[in-house]
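Read top to bottom, the protein sequences are chains V and P. According to this note's numbering, the first sequence is numbered sequentially starting from 1. According to this note's numbering, the second sequence is numbered sequentially starting from 1001.
Worth double-checking, as some hints may not be accurate.
Computed Cβ-Cβ distance ranges for the label pairs, DEER-style [claimed, not checked]:
#1 V/Glu218 with P/Lys1112: 38 to 44 Å
#2 P/Ser1143 with V/Lys8: 54 to 60 Å
#3 V/Glu270 with P/Phe1169: 47 to 53 Å
Everything labelled a hint here was simulated from the structure, so no lab data went into it. This structure is a prediction, so every number in the text was calculated from the model and none was measured. Each residue gets a CB set at the ideal place from its N, CA and C atoms; glycine is no exception.
In case you want the letters, here they are:
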Amino acid sequence: MNYGAWKKESQRDFWAKALLELGRERKDIVVLSADLSTSVKTSVFAKEFPERHFNVGIAEQNMMSIAAGFAASGKTVFASTFAAFGTGRVYDQIRQSIAYPEMNVKIVATHAGITVGGDGATHQIVEDIALMRALPNMTVVVPADAPETYLAIRAVADYIGPVYLRMGRADVPTIASIQDDFKLGKATVLRDGDDVTLIGTGVMVSRCLVAADELTKEGIDARVLNMSTIKPLDREALIKAARDTGAVVTAEEHSVTVGMGAAVAMDLAENAHVPMKRVGIPDVFGESGDSDELMEKYGLTAENIIEATHDVMRRKGGAL
Amino acid sequence: MPKHSRELIGKLEHEALKIRRRLVRMIYQAGSGHPGGSLSATDVIAALYFHVLNVDPKDPSWVDRDRFVLSKGHACPAWYAALAERGFFPIEELDTLRKTGSRLQGHPDMRKTPGVEASTGSEGQGLSNGIGMALAAKLDRRSYRIYVMVGDGENDCGQTWEAAMSASFYKLDNLCAIVDRNLMQLDGPTKHIMSLEPLADKWKAFGWKVLEIDGHNFAEILKAFDKAESVKGKPTVIIARTLKGKGVSFMEGAVAFHGKAPNEEEYEQAMTELGGEP
Ligand SMILES: Cc1ncc(C[n+]2csc(CCOP(=O)(O)OP(=O)(O)O)c2C)c(N)n1
Ligand SMILES: [Mg+2]
Chain V
1 MNYGAWKKES QRDFWAKALL ELGRERKDIV VLSADLSTSV KTSVFAKEFP
51 ERHFNVGIAE QNMMSIAAGF AASGKTVFAS TFAAFGTGRV YDQIRQSIAY
101 PEMNVKIVAT HAGITVGGDG ATHQIVEDIA LMRALPNMTV VVPADAPETY
151 LAIRAVADYI GPVYLRMGRA DVPTIASIQD DFKLGKATVL RDGDDVTLIG
201 TGVMVSRCLV AADELTKEGI DARVLNMSTI KPLDREALIK AARDTGAVVT
251 AEEHSVTVGM GAAVAMDLAE NAHVPMKRVG IPDVFGESGD SDELMEKYGL
301 TAENIIEATH DVMRRKGGAL
Chain P
1001 MPKHSRELIG KLEHEALKIR RRLVRMIYQA GSGHPGGSLS ATDVIAALYF
1051 HVLNVDPKDP SWVDRDRFVL SKGHACPAWY AALAERGFFP IEELDTLRKT
1101 GSRLQGHPDM RKTPGVEAST GSEGQGLSNG IGMALAAKLD RRSYRIYVMV
1151 GDGENDCGQT WEAAMSASFY KLDNLCAIVD RNLMQLDGPT KHIMSLEPLA
1201 DKWKAFGWKV LEIDGHNFAE ILKAFDKAES VKGKPTVIIA RTLKGKGVSF
1251 MEGAVAFHGK APNEEEYEQA MTELGGEP
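With these hints in hand, go ahead and build the complete structure from the sequences.
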């Protein structure tokens, strides 16, 4: 299916741009890196504000607890590394030093998911959303494209409290219908429809839109919801969508057993019984390969979303 | 101490050159990977696989084999090339590095690749893996040895020092660590990112026998491995001074080639410098 025609942009570049602006506007911004400043692009901030950037070396645990110390001293801290090393490796440091005492630390993680490609399973974390979602006090944000990444960084800087913000390595399609009014904790409707709701997060949002266009040809009118804040989940938008359309498909570049789809499923089970299906990575580790090939192999294409839609539509029909 | 023959050293130099050609080609074909740290590690890995290690390519899981763990997993192209040259799997398979479905993952996968002893890639864990293996050998009264290569950047990791402390506490004289002291990490020179010196004193203070050598000089490498084997009651660390990107002029000491594949033109130049395609 063709998203080749869409303009693609780097989420990392837009994050770097937002961070640089914040650095210029606010003296309380401090940035921490762990020997990946060039990859996560905190190097852009470091160049202009060397005195407010600290590269602690390959010592992520140290970085997270240092971040907490800075926050306890009134700083707004951005700590950035690859998602694998910024969550699982430092779970307890985040838990005790940051989430429990509600420190004003923003963990900005790049290189999440299988789109990492060649580096393989050790670097392709597919369970980071689950880990961060499990923590009380933590806000979890997964922007859908580069411009939204910019908006989300600006928004989390204004919010006081711990945040985990996740993005991938690869450039992602820019979505025209995303508006400039990003609100933390609010899902946005990118496309209206009455037959089914496709809920996407991150790189899967553009795939939901492509799937929705295809589904129109079959006479299926799909609503597309961009769930860019995964915690707290926008329950209101979710339940409204489920009630309006009567069927839900979720799509995420993350383990399907414990991610956004799982969060949605739990909420629907308690609040709105509609047929639903989750698209995502099965309960396995990733592997090396070309990103697009991996997205196909692990079932993360618009076709997979369409198939899932057919499934929920069948069940919805049966239930009626 | 046995002196190593010119013939042996000549053979190792030859093997190392072959490994360098192969790994640069693999990374070029994959379009991504880590040439710098692979090239700095090559000579030590060649010495291990073509002289030091008691391994059987036909029986990679033979219980009494010596073990090698590459803690700095991103340098695995050098390891894969050595394993293939030693006959653990077909040479042709090297061209599948990092491709979908390949047994040769971007970072070592012990469940996929014959001869790979530990899955690594997230830095700082391999030495601890080696300690488990060394303790198991002692428990089972087996005499195999364990070799673990760590990057100098991995000396930033707290876990490296947790491991260092426990290895000497357990008196693991069957364990030998090699620090690939190429003076660089991902973001730049170690002394600008997180200064490590005095590194030898740190390892000494943690209870290790410390040997400092030129990690591209086979006479020194072999002598150090002999010495490590003779040290009793404590683990030995060999701090091997190396050059990141060793053997390809424009990769030598170049931060850019920590984690970047050469383009076509660079590949051709690299092959010319290394004496032709493998
Ligand atoms: C825990 C962890 N943090 C960050 C990285 C990303 N990374 C890969 S290689 C590297 C630098 C490694 O430096 P060094 O150990 O000295 O390796 P070498 O110079 O031999 O390539 C970094 C930071 C990683 N693989 N693991
Ligand atoms: Mg190094």
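The hints, checked one at a time:
V/Glu218 and P/Lys1112 have their C-beta atoms about 41 Å apart, which keeps the hinted 38 to 44 Å range intact. One distance hint, 54 to 60 Å for the beta-carbon pair P/Ser1143 and V/Lys8, holds here, with the actual separation near 57 Å. For V/Glu270 and P/Phe1169, the hinted distance range of 47 to 53 Å is satisfied, since their beta carbons lie about 52 Å from each other.
In this structure, none of the earlier numbered hints is contradicted; all agree with it.
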